[in-house]
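The sequence shown begins at 1 in UniProt numbering and counts up by one.
What the hints contain is simulated information worked out from the structure, not anything from laboratory work.
Just so you know, these numbers come straight off a predicted model, no measurement behind them.
One thing to keep in mind: the hints can contain errors.
[What the hints assert, rightly or not] Label pairs and their calculated CB-CB ranges:
1) Ser26 to Gly156: 22 to 30 Å
2) Asn302 to Glu343: 42 to 50 Å
3) Val21 to Asp350: 18 to 26 Å
[Said to hold, decoys possible] Straight-line alpha carbon distances no greater than 20 Å define the calculated EDC-like cross-link-like pairs of lysine to aspartate or glutamate that follow:
4) Lys22 to Glu343
5) Lys16 to Asp240
6) Lys228 to Asp240
7) Lys133 to Asp92
8) Lys218 to Asp240
9) Lys340 to Glu322
10) Lys177 to Asp119
11) Lys218 to Asp234
Note that beta-carbon positions come from the ideal geometry of N, C-alpha and C, so glycine has one too.
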Amino acid sequence: MYDRINMNGSCPSTHKAAVIVKHGLSPVFELQSLPLPAPGPTDLLVKLSTTGICGTDIALASGELGPTKPILGHEGIGRIAALGSALQHLNDPSLKIGQRVGVSWIRDSCGKCVMCLTDGGETRCETQTFSGKSVNGTFAEYTLVPARSVVTLPEGVSDEQLAPIMCAGVTAYKALKICGAVPGQWVAISGAGGGVGALGIQYAAAMGYRVLAIDMGKEKREYCLGLKAEAFIDISEEEDVATAAKLITGGAGAGAVLVTAGSGRAYQDAFRILAPFGTLVCVGIPPPDQLVQFHPLNFIDNGFRVIGSSVGSRGDIQEAVEFVRRGVVVPAVQETTLEKLTETTRLLTDSKTTTKYVIKLSAEDTKGA
């Protein structure tokens, strides 16, 4: 049961949301007016001003990730509009009406399982819930978030630049944070022209790495090089990507390879791009039939590491946001609306696009001081 709360007239009784009414390769969203959700005792009601559209949203809308909730979305930026009954007398400065917050892919974690009790392990909680998958997401004017899972955000940065950091940005940042490369070494990013990869280029450059971008097409070449990638390999032109990478790196190879592409070939190439003692960071998920083959001797002789990285914790998000606040990472976005969500998702199914879309949900300026 939801607790009744006194909204003092500051919140409406209904709100607008883009509800998915058809899953598939051409998903359909319908703008609906829905009752405003009321927070439980430890929930926050967040009034959203902006939300990003992520590749995971496209996958959810297609149906390939199984059943979803009616409202997708998980890169939300907004402010606390109401507190659950158990939170109203805590005197916690981070839980106050008007506090700027972010809503991410991981909507909640238990805090008790072996994953949660491991440093940074909340992203792999055994009973976690996901925004848009397990609970309604951020393609709406309001959403509910457990207080323990909300991400407190600074003022002074635009909503539009913060939204992509809630998922794509923190995914790129966390993968680089754990990659083990040394500043000055080459880091290769496969799928560099995508949402995660493009932000990865900026984070990698800001962290002192030399960036080798790997993707396909003239448009993505220009895009990646414009984002401070030092070199680019077009997989549609190079038959042997690994040999090309070794030439670019002077034979040394890359201290780390981040595979953000959902491609088995990208993983296969990565083993030959790595420098001795390099790290392959697994981010992109290939289809089940694209298996990757390797021989253990290759790892034994070269000291390779292979690790998986999954989005990032609330602390990781705040660290990733700091790069944006300092102006060293600048997400390039294009605004759209809830009404145009069906049209926008169809544009995003075209892998050639380099545009990151955000939905403007409120005309209010929430950049703050």
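Problem - Satisfaction of hint between glutamate 322 and lysine 340, Cα-Cα up to 20 Å - result: violated, 31 Å
Practice task
Given the range 42 to 50 Å, decide if the beta-carbon distance of asparagine 302 to glutamate 343 lies inside it.
Solution key: holds, 48 Å
Practice task
Verify the proposed pairing of lysine 133 with aspartate 92, using a straight-line Cα cut of 20 Å.
Solution key: violated, 30 Å
Problem - glycine 156 and serine 26 - C-beta distance against the hinted 22 to 30 Å - result: Distance hint for serine 26, glycine 156 is violated at roughly 40 Å.
Practice task
With a cut-off of 20 Å on the C-alpha distance, tell me whether lysine 177 and aspartate 119 pass.
Solution key: Since the Cα atoms of lysine 177 and aspartate 119 sit roughly 14 Å apart, the hinted pair holds (cutoff 20 Å).
Practice task
Take a quick look at whether lysine 218 and aspartate 240 sit within 20 Å of each other, Cα to Cα.
Solution key: holds, 18 Å
Handout entry: Holds or violated: lysine 16 to aspartate 240, with C-alpha atoms at most 20 Å apart
Key = The given pair, whose Cα atoms are some 50 Å apart, is violated under the 20 Å limit.
Practice task
Assess, step by step, whether the Cα of lysine 228 is no farther than 20 Å from the Cα of aspartate 240, and give holds or violated.
Solution key: violated, 24 Å
Practice task
Take the C-alpha atoms of lysine 218 and aspartate 234, compute the straight-line distance between them, and say whether it is at most 20 Å.
Solution key: holds, 8 Å
Problem - CB-CB spacing for aspartate 350 and valine 21 relative to the 18 to 26 Å hint - result: Because 22 Å falls inside the window, the suggested range holds.
Exercise for the section: Mind checking the alpha carbons of lysine 22 and glutamate 343 for me, to see if they're no more than 20 Å apart? Expected result: holds, 13 Å
Consistency with the previously given hints fails for numbers 1, 5, 6, 7 and 9, ordered from lowest to highest.
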